[in-house]
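Line by line, the protein sequences give chains Y and P.
First residue of the first sequence: 1, per UniProt numbering; consecutive thereafter.
First residue of the second sequence: 1, per UniProt numbering; consecutive thereafter.
These are calculated hints, taken from the structure and not from any lab test.
Some hints here could point you the wrong way.
[To be verified] In silico EDC-like pairs for lysine to aspartate or glutamate, Cα to Cα no more than 20 Å straight-line:
id, chain 1, residue 1, chain 2, residue 2
1, Y, 42, P, 144
2, Y, 272, P, 144
3, P, 547, P, 270
4, P, 231, Y, 172
5, Y, 53, P, 431
[Unchecked claim] Chain P is faced by these chain Y residues, among others (derived, beta-carbon under 8 Å):
id, residue
6, 52
7, 93
8, 97
9, 157
10, 161
11, 165
12, 172
13, 174
14, 264
Every residue gets a Cβ at the ideal spot worked out from N, C-alpha and C, and that includes glycine.
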Amino acid sequence: MGRFVARRLLQMIPVFIGTTALIFFMVHVLPGDPVAAMWGDKAPDPVQLAALKHQMRFDEPLIQQYLDYMGGLVTGDFGKTLGNQRPVLDVITEALPVTIRLALLAFAIEIVLGVGIGLVSGLRRGKLFDKGTLVMTLLLISIPVPVLGFVFQTVFGQNLGWVTPTVQDSNDISQLVLPAVVLGSLSLAYVARLTRTSIAENIKADYVRTAVAKGLPRRKVIGTHLLRNSLIPVVTFLGTDLGALMGGAIVTEGIFNVKGVGNALFMAINHKEGPTVSGFVAFLVLVYLAAGLIVDLLYAVLDPRIRYA
Amino acid sequence: MRGASQAKWVVAAVAVALAATACGSGGSSDNSAGSNDSSAVDPNGVFSYQSGEPQRPLQPANAMENQGGRIVKQLFMGLVDYDPATGALRNQVADKIETTDAKHYTVTLKSGWTFHDGTPVTSKSFVDSWNWSANPANNQINSDWFSDIAGYDAVHPEKGDPTAKEMSGLKVVDETHFTIDLTSPVSYFTYKLGYSSFYPLPEGFFKDPAGYGEKPVGNGPYKFKSWEHNKAITLEAYDKYQGTNKAKNGGIIFRNYTAGEAAYKDLMSDTLDVLDQVDPTDLPKYKDDLGKRAVDQPQGAIQNISFALYNQEWNAPGKEKVRQGLSMAIDRETITKTVLNGNRQPADAFVAPGVMGYKAGTCGDACKFDPAKAKQLIQDGGGVPGNKITILYNSDGGHKEWVDAVCNSIRQNTGVECLGDPKPDFKTSRDLVTKKQVPSMMRTGWVQDYPLNANFLRDVYGTGAAANDAGYSSPEFDKLTKEADAATSVEKTAELYQQAEAVLAKDMPAIPLWYYKTSSGYSKNVQNVKFDSFGNPVYTDVEVKKK
Numbered sequence: 001m002g003r004f005v006a007r008r009l010l011q012m013i014p015v016f017i018g019t020t021a022l023i024f025f026m027v028h029v030l031p032g033d034p035v036a037a038m039w040g041d042k043a044p045d046p047v048q049l050a051a052l053k054h055q056m057r058f059d060e061p062l063i064q065q066y067l068d069y070m071g072g073l074v075t076g077d078f079g080k081t082l083g084n085q086r087p088v089l090d091v092i093t094e095a096l097p098v099t100i101r102l103a104l105l106a107f108a109i110e111i112v113l114g115v116g117i118g119l120v121s122g123l124r125r126g127k128l129f130d131k132g133t134l135v136m137t138l139l140l141i142s143i144p145v146p147v148l149g150f151v152f153q154t155v156f157g158q159n160l161g162w163v164t165p166t167v168q169d170s171n172d173i174s175q176l177v178l179p180a181v182v183l184g185s186l187s188l189a190y191v192a193r194l195t196r197t198s199i200a201e202n203i204k205a206d207y208v209r210t211a212v213a214k215g216l217p218r219r220k221v222i223g224t225h226l227l228r229n230s231l232i233p234v235v236t237f238l239g240t241d242l243g244a245l246m247g248g249a250i251v252t253e254g255i256f257n258v259k260g261v262g263n264a265l266f267m268a269i270n271h272k273e274g275p276t277v278s279g280f281v282a283f284l285v286l287v288y289l290a291a292g293l294i295v296d297l298l299y300a301v302l303d304p305r306i307r308y309a
Numbered sequence: 001m002r003g004a005s006q007a008k009w010v011v012a013a014v015a016v017a018l019a020a021t022a023c024g025s026g027g028s029s030d031n032s033a034g035s036n037d038s039s040a041v042d043p044n045g046v047f048s049y050q051s052g053e054p055q056r057p058l059q060p061a062n063a064m065e066n067q068g069g070r071i072v073k074q075l076f077m078g079l080v081d082y083d084p085a086t087g088a089l090r091n092q093v094a095d096k097i098e099t100t101d102a103k104h105y106t107v108t109l110k111s112g113w114t115f116h117d118g119t120p121v122t123s124k125s126f127v128d129s130w131n132w133s134a135n136p137a138n139n140q141i142n143s144d145w146f147s148d149i150a151g152y153d154a155v156h157p158e159k160g161d162p163t164a165k166e167m168s169g170l171k172v173v174d175e176t177h178f179t180i181d182l183t184s185p186v187s188y189f190t191y192k193l194g195y196s197s198f199y200p201l202p203e204g205f206f207k208d209p210a211g212y213g214e215k216p217v218g219n220g221p222y223k224f225k226s227w228e229h230n231k232a233i234t235l236e237a238y239d240k241y242q243g244t245n246k247a248k249n250g251g252i253i254f255r256n257y258t259a260g261e262a263a264y265k266d267l268m269s270d271t272l273d274v275l276d277q278v279d280p281t282d283l284p285k286y287k288d289d290l291g292k293r294a295v296d297q298p299q300g301a302i303q304n305i306s307f308a309l310y311n312q313e314w315n316a317p318g319k320e321k322v323r324q325g326l327s328m329a330i331d332r333e334t335i336t337k338t339v340l341n342g343n344r345q346p347a348d349a350f351v352a353p354g355v356m357g358y359k360a361g362t363c364g365d366a367c368k369f370d371p372a373k374a375k376q377l378i379q380d381g382g383g384v385p386g387n388k389i390t391i392l393y394n395s396d397g398g399h400k401e402w403v404d405a406v407c408n409s410i411r412q413n414t415g416v417e418c419l420g421d422p423k424p425d426f427k428t429s430r431d432l433v434t435k436k437q438v439p440s441m442m443r444t445g446w447v448q449d450y451p452l453n454a455n456f457l458r459d460v461y462g463t464g465a466a467a468n469d470a471g472y473s474s475p476e477f478d479k480l481t482k483e484a485d486a487a488t489s490v491e492k493t494a495e496l497y498q499q500a501e502a503v504l505a506k507d508m509p510a511i512p513l514w515y516y517k518t519s520s521g522y523s524k525n526v527q528n529v530k531f532d533s534f535g536n537p538v539y540t541d542v543e544v545k546k547k
């Protein structure tokens, strides 16, 4: 177990270096000059343009810029934003708590509702509840997130007036509920369907029949034997989904004006803020890698047959 | 039986799906009630404005883009500013600005003005501020705004390190007097003084420019309260403000929005008070939604398409007829109404309305849609070179739709082949334009720096001017602008510039297409919301209603 974790952690290093390098150079080859863009539609003053480029070290070779950036990263210095010259770390630490709250809220919604609904409809397959679940999840999967977002915003924000149409304070968790529901809805549908299928399959398995035959109470049969074994595909999905929730909430964050990671990343790409984009991506890569590791470890917990040497 | 029940579910699903979509497009139509303009006003009421994160620190000469610029303009006040309704100049910190030759100016300040930290605004506050901003080492985007002042070359040399830190043309006489010497006469220099680069700075600023860029201390109608990055910037009214435009409200919250649609939704539910611009999605319906609370007025900005006059085939004598003909072939009315959703106003001059010296119809018949005459003129002028034109533009600015529409208009009405020539971004297209490599036509535009017609004429069409993308050079035009610049009063300058504008109508180096408009709106919580020709609301006049 310990060796497995150590090996996985070591594997993260080359992946991390590779992705940051890729992003750093990709941002660089984006068309347009981020410094000249500060003048908008007007022609920049060449003297000032050169002075600014020197300040931002754009006049150095690209490889030198990258090495300096990586050198800073090792010591915890994420560089500065181009326009305001603010530390990128500040930008990340402002956006991160918001996104973590939003993602965890969405994540909790999809686990509790998704697994719950999936379990019930798996146990009562063919019944009315099951059919209702199938239709509802089909609907959620087929409605694009922006549409769902706008519908919720118009109905709950504008027509009913229960909440403000957009989030006024991104740090207030009660205001994040509506965006979290929108954000989690698609995954909720997948989780419910995965759980349902898995339960429906495993309920006919030998070990369940054995458990019933030896007289275990129904709750225990379902809780310890059936559900636990059925969750393996669900956990795999949830693991990758957590990463997607953290970084891929650009659309939802835009609709509800949530000032999280997706929003900051979108703005940074628009302004070609190389250090900011690289910083965020470096962080997201870490989240994905960590989530992947946790999923692998959870397999062993859920299924006693799986062992890591 | 089983099949039937399945089918029932499918029908139900479709019904729900349709209902959901209907909800989305329905929106609220009951929100269109007009505002009551005579409600009780709360002088300490605070209102919110749709904004974005400033791209640069909040320093006067760094306020190039709108997000930071509009905030700096509320925090600071210069010697003069522009009347939001007429564009006329009015004295603020300056008591008077005197000159006899438009080259040597003596400025007298009013006493009693203070910065928000309590220190007095003196001649030194202005001179030190300008010298600091002009120095390229201080990385101010607008550092070239001081180029008229004598000694600028030493502080901001084209090559090498600065040899001086102070411009020789600026001299402090005493606390309330200072003199400005220019390298050559510029009659409308006082107009330039209203621009944000010329604001004063308090003494503390020079010790910690970065800190003051984050927490600015100015002398304007509002003082800085807080800046939560990417969320909001809050200003509050400054009670010791000495200018003519004292705030009629308690403060402003510049709230950060990434998507215009989100801001519009907030406005509809009165969560946001004043909109910056209506997003393109809501543009077709915002007047119905907001009723009297909708704002629709022209801005000091124009969209043109210019000819590459450095190509001899376009510059030959007689070709001005072809250029006029092409202008007459464009159906501006229809394009602005349909393709541009009524968010532009057809141009009838080379200068935008609301600018001092704007004269309606200066472009004459050449800007009126007349297909028959267009064809005739093109024929008289010997036809379009190669019977084909291309319009170069950057595809990252939402120009494709109207460029295509203009081309269609030309093609249908004259039979001349016309194609858009998109470049991926502004810089790529800009490079081709500055290197003078455009084959026939290019998109050009101008947003006013200050609301005077000279800014739309000399800076765009003067021989060798930085923004003269067409490469237009007319001795007649240059002579008239020189005369206008040497005039002793701004009124006279504006009048003489109108004569220069008439030369443009004859030569047609560029085709004026339309003026930009401010399409905005405000909530039921505020009243008396008006916009100036820069497209910004007159913040100090906004009145917050009592709740």
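To see whether the hints hold, each was checked on the structure:
1. Y:42 to P:144: 12 Å, holds
2. Y:272 to P:144: 25 Å, violated
3. P:547 to P:270: The hint holds at about 13 Å.
4. P:231 to Y:172: Holds. Residue 231 of chain P to residue 172 of chain Y sits at ~13 Å (cutoff 20 Å).
5. Y:53 to P:431: Between residue 53 of chain Y and residue 431 of chain P the Cα gap is close to 18 Å, so the pair holds against 20 Å.
6. 52: Where the cut-off is 8 Å and the nearest Cβ of chain P is about 6 Å from residue 52 of chain Y, the hint holds.
7. 93: 11 Å, violated
8. 97: 13 Å, violated
9. 157: 6 Å, holds
10. 161: 7 Å, holds
11. 165: 4 Å, holds
12. 172: With a closest approach of 12 Å, the residue 172 of chain Y hint is violated.
13. 174: 16 Å, violated
14. 264: 7 Å, holds
Of the numbered hints stated above, those contradicted by the structure are hints 2, 7, 8, 12, 13, listed in ascending order.
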